[in-house]
Amino acid sequence: MINWIRGLGRWGLGTFERLGRGHLFLMQMMAGVPSLFLRFSLVMQQLFSVGVLSVLIILVSGLFVGMVLGLQGYNTLVDFGAEESLGVLVSLSLVRELGPVVSALLFAGRAGSALTAEVGLMKSTEQLSGMEMMAVDPIRRIIAPRFLAGIISMPLLAAIFSAVGIVGAFLVGHGLLGVDDGAFWSQMQAKTDFYDDIMNGVIKSVVFGFVVTWIALFEGHDAMPTSEGVGRATTRTVVHSAFAILGLDFVLTALMFGDE
Amino acid sequence: MMQNKSTEIIVGLFVAAGLAALFMLAMKVSNLGDFTDEAGYQVTAEFENIGGLKVRAPVTMAGVRVGRVADISLDPVTYNAKVSINMYSQFDTIPLDTSASIYTAGLLGEQYIGLVAGAEEEFLQDGDVIDLTQPALVLEQVIGQFLYSKAEGDE
Numbered sequence: 001m002i003n004w005i006r007g008l009g010r011w012g013l014g015t016f017e018r019l020g021r022g023h024l025f026l027m028q029m030m031a032g033v034p035s036l037f038l039r040f041s042l043v044m045q046q047l048f049s050v051g052v053l054s055v056l057i058i059l060v061s062g063l064f065v066g067m068v069l070g071l072q073g074y075n076t077l078v079d080f081g082a083e084e085s086l087g088v089l090v091s092l093s094l095v096r097e098l099g100p101v102v103s104a105l106l107f108a109g110r111a112g113s114a115l116t117a118e119v120g121l122m123k124s125t126e127q128l129s130g131m132e133m134m135a136v137d138p139i140r141r142i143i144a145p146r147f148l149a150g151i152i153s154m155p156l157l158a159a160i161f162s163a164v165g166i167v168g169a170f171l172v173g174h175g176l177l178g179v180d181d182g183a184f185w186s187q188m189q190a191k192t193d194f195y196d197d198i199m200n201g202v203i204k205s206v207v208f209g210f211v212v213t214w215i216a217l218f219e220g221h222d223a224m225p226t227s228e229g230v231g232r233a234t235t236r237t238v239v240h241s242a243f244a245i246l247g248l249d250f251v252l253t254a255l256m257f258g259d260e
Numbered sequence: 001m002m003q004n005k006s007t008e009i010i011v012g013l014f015v016a017a018g019l020a021a022l023f024m025l026a027m028k029v030s031n032l033g034d035f036t037d038e039a040g041y042q043v044t045a046e047f048e049n050i051g052g053l054k055v056r057a058p059v060t061m062a063g064v065r066v067g068r069v070a071d072i073s074l075d076p077v078t079y080n081a082k083v084s085i086n087m088y089s090q091f092d093t094i095p096l097d098t099s100a101s102i103y104t105a106g107l108l109g110e111q112y113i114g115l116v117a118g119a120e121e122e123f124l125q126d127g128d129v130i131d132l133t134q135p136a137l138v139l140e141q142v143i144g145q146f147l148y149s150k151a152e153g154d155e
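First to last, the sequence lines map onto chains A and B. Positions 1 to 260 (the numbering used here) are the ones given, in order, by the first sequence. Positions 1 to 155 (the numbering used here) are the ones given, in order, by the second sequence.
Just so you know, not all the hints are guaranteed correct.
To be verified - As a list, the in silico DSS-like pairs of lysine-lysine whose alpha-carbon atoms are at most 27 Å apart:
no., chain 1, residue 1, chain 2, residue 2
1, B, Lys82, A, Lys191
2, B, Lys54, B, Lys82
3, A, Lys191, B, Lys28
4, B, Lys54, A, Lys191
Quick caveat, the hints were computed from the structure, so don't treat them as lab data.
Bound-form chain B, shown alone:
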């Protein structure tokens, strides 16, 4: 009986260790740890070009994450990309005339939306639209423009 009891305790520890390892993988290693952005408010922004922006990409202001990209769709009238952003509820004092741009983290990193605060007294609320946007930098376009202006300068 004693033998049986200690076996059960050790097996219990083993199962607990395995589950703890799985929990650590889920919370510390994977993106499950930051599924806290359900509560918040939605704003949308239209971009001419979003480059490689993906759903769940971070939205930052001064480098601090203030929200996430919730959905990306194409506007059937203007043919612009319509990005809806889920803002965390604690950042509820963001001015109405805030501008949004798409940046790349590092040279080859993922793309994210950077917000720059405006000066308006009113704040962004659920359902608002960010009007001032700057499209993603597409490397081929930049190189094309550079070559074009260089050719112009030579003449």
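Isolated chain A, as found in the complex:
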């Protein structure tokens, strides 16, 4: 019995210790961000590997998510004779929810896991310690550029996802199912608000980008310096990011749209 309680205590202490390390890490990372604007080429390199390389998966999944939304939405709306509202349904669900959330999940899988593996491997091969020996701060040189690149990329990717999804829904709705194109766009414009819907979606995606990149970099930096440890950290990145995205999405939605 006493052993069980002790185990619980150890688990609790370990969790809080990790949480504290994570926040200290975040502060160090943030402190490293301002000096990046003097050497933006570091961020540029990371924007390429974090953002540009994620574009393809975002484009393809955005198109298919939009097309599925178009089909499913049409099948439901046509029962009420309201198939002209397909544009509203698609635009609101993509811009408010699916755009930020699904692209953040894909981002965690595509870019987050890569960041963890990269940083974890750097740690296990002692490249980070080597940098410290040369009086180069690895947080500033390695971590901070990746962090900033993640925050910049995520809203752009979410915007691409939503735009492509709406185009996909239009292709299915207008081309395949014969929804009137004028009604599709005009109802969408009438019901979608720039500040309430689109800007809130952008805010969501910035928050998700922040959290996913933070989790990915912390897991990599905190990984056990073995091949097994790096593998485990990569798995944890994807799982924890998914939890964080979905949980935060509820909180953000309640804050933004809860009082309507």
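Model the placement of chain B on the given structure of chain A, informed by the hints.
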């Protein structure tokens, strides 16, 4: 150096694509695209009941959008709804005795104001009041009247 240059170009394309997507969302998807109604003239109309009319609802004439609802308030004397309408400046030849009614787009759609042109030679100008108005149809009232007249007819 070459590597660096092509990276910069590709990243530039990526950022441009993201911003273009955001721009498309703003202009094509949301209502930001039709923020052109700043220029125009204001007229007001008093309605007995506006139903579910909202600010920024369209004002149409023969189905063509000629303005937007700019503000809704309650007249403290007559207890009627005072709706101020922002008319687009290119529609400046609307007769003074035009009538305004509140309609619903479709069965469950949004409410809008429909204008029917009169025959007066003078035109509406900034600050004018539309006198001929017809209140919104409230479904409960219509059903109530229908039941009432049906009960009367039975006797």
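Checked hints:
A hinted pair counts as satisfied when its Cα atoms are at most 27 Å apart, and lysine 82 of chain B with lysine 191 of chain A qualifies at roughly 24 Å. With a C-alpha separation of about 12 Å, the suggested pair lysine 54 of chain B and lysine 82 of chain B falls inside the 27 Å cut-off, and the hint holds. Under the criterion of a C-alpha separation no larger than 27 Å, the hint pairing lysine 191 of chain A with lysine 28 of chain B is consistent with the structure, at around 12 Å. In summary, the hint linking lysine 54 of chain B to lysine 191 of chain A is supported, as the alpha carbons are separated by about 12 Å, within the 27 Å threshold.
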